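Chain residues, written in single-letter form:
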Amino acid sequence: MNAPDTALSRTSSDSTLATGTSHDSAAHGYNFAYLDEQTKRMLRRALLKAVAVPGYQVPFASREMPLPFGWGTGGIQVTAAIIGKEDTLKVIDQGSDETTNAVNIRRFFARTTGVATTRRTAEATIVQTRHRIPETPLTEKQILVYQVPMPEPLYRLEPRVAECKKLHALADYGLISVKLYEDIVHHGSIATTYDYPVIVNHRYLTSPSPIPKFDNPKMHMNPALQLFGAGRERRIHAIPPYTPVRSLDFDDHPFEVQKWQHACALCGSKESFLDEMIVDDAGTRMFVCSDSDYCHERRGDSDIESPAPLLPTARQGESA
Amino acid sequence: MTPLLSARALTKQYGGRNGCRNVSFDLYPGEVLCIVGESGSGKTTLLNTLALKTEADSGSLHYTATHGDTLDLRALSEPRRRLLMRTEWGFVQQNPRDGLRSGVSAGANIGEPLMAVGARHYGEIRRAATQWMERVELDATRIDEFPAAFSGGMQQRLQIARNLVTGPRLVFMDEPTAGLDVSVQARLLDLLRTLTSTLHLSVLIVTHDIGVARLLAHRLMVMQAGEVVEAGLTDQVLDDPQHPYTQTLVSSVLPV
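Residue numbers (this note's numbering), protein chains in the order written: chain P, 1 to 320; chain L, 321 to 576.
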């Protein structure tokens, strides 16, 4: 459904929509941020524990959300638990604000909370993300919420959940090196390029969700709070601000991030994570920034940024 | 000399039956002790109890660690138990597929115990794995093949390499030569004898094969119905068996 976007600035929402008593522009019949207060309380407890023990996977009672598992149910629940009326939300999927997943989740929160949404990383207070960390450095005032498909980094190596828990409890992480060893054997270098395992705060082995390993260094000592929600696996983990995060490696095969010989075809950036796009049937390729906001910002075109304000009529038509 | 492993009145039973009863012995450094007996005599139960794979019902079990401390194994906490297994012990399973990780290459199988104790240098792990493949007479060029690509006897040797790579002091073996054909058995036994003597290993071997005991063991324990019926030096027990069961066992070996 190509529904119009609901990236409303707060001023426009006040002027175009009827102001209610509690949360003015939120949809009727829903609690603020969709989830009921008891669920949010349960989530917040899990989040507090996760922040207190960086990298530890806290179980929580994941709720059924109005989208399938694997589409970001964990991230949505975490965002719903922490979002407030004063927040500004940005949602990205593979770095882009314009993909289906990002558009729909952003619209979901715009509807159920009425908070302002944005595409600018710098303006957001909460950034929900799938598969990327924004290129623009985050600040202490921001929270990054990850959508996590599989929080257990040992999953492929040790199928027994009870044994995995024991290995985490005893910090017995020899097994994960076997995975890296096998990478070097088969590919000549550590070929894991996404979901690259990290040690958080010198203690817990953690899966950073499928972000490219390019983004791993950004997690280290990041001023923003990083929360990870896995809806299907019912686990929450967190990296508090300014927490050391070390990517695993061998002494003679140190951790390295991807490098490109190209610059972004649109903005010319040589530092950002590039996506390779095939643009016509002849197989012409183009490398562009995966982070759409960063790319727009660098090109200085702000008009693409601001979508047309949502008309009340369109909204009614949609909900009918 | 202080014994490396010392068991006193060790009992492990399943609902008051079977298992092993009232086993006492001392194992000294560098000694190979063989536990022989018929099927169901409690050999493997005893071995698993000694290796802390199953919890003993009663009795005491002490181990002298590298730094000279005597550890009460039955009271040891789980982290220390695991550390001991990683650093000072090895366990060779009867079926190599139980002791190997089938999803990773031979080199990773040998290197895994090293990585578990903190090796973080790929080149060195690989060098150690190559060396050990040569020591157990495997073709070192096959280091990147999966265990399934090796024959049964080779897998068993791979498992032995994996267990010895960390330089353990005590190795438990549960019928290491069972299920192998006779010529492969002979080579494996030869290899084991060389390794145990050069590495000064203490070994506890469970077997039902008197030939294995004769070739490898310094001392022998004969078990029947969960109890040790006779123990002593290998040649002494086999050449001059005292207990009726041992006499039957020795006389039932087919002459070639």
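A couple of the hints might just be wrong.
Facing chain P, according to a computed beta carbon distance under 8 Å, are these residues of chain L, among others [unchecked claim]: (1) G431; (2) Y442; (3) T568.
Note that these hints are calculated values from the structure, not bench results. Remember, predicted model here, so these are calculated numbers, not experimental data. All C-beta atoms in this analysis are idealised placements derived from N, C-alpha and C, irrespective of residue type, glycine included.
So, going through the hints one by one against the coordinates:
Below 8 Å, beta-carbon pairs count as interface contacts, and L/G431 has one with chain P at about 6 Å; its hint therefore holds. Hint status for L/Y442 relative to chain P: holds, with the closest Cβ pair at about 4 Å, below 8 Å. For L/T568, the interface hint is violated, since its Cβ never comes within 8 Å of a Cβ in chain P; the closest pair sits about 43 Å apart.
Going down the numbered hints, you'll see the structure goes against just number 3.
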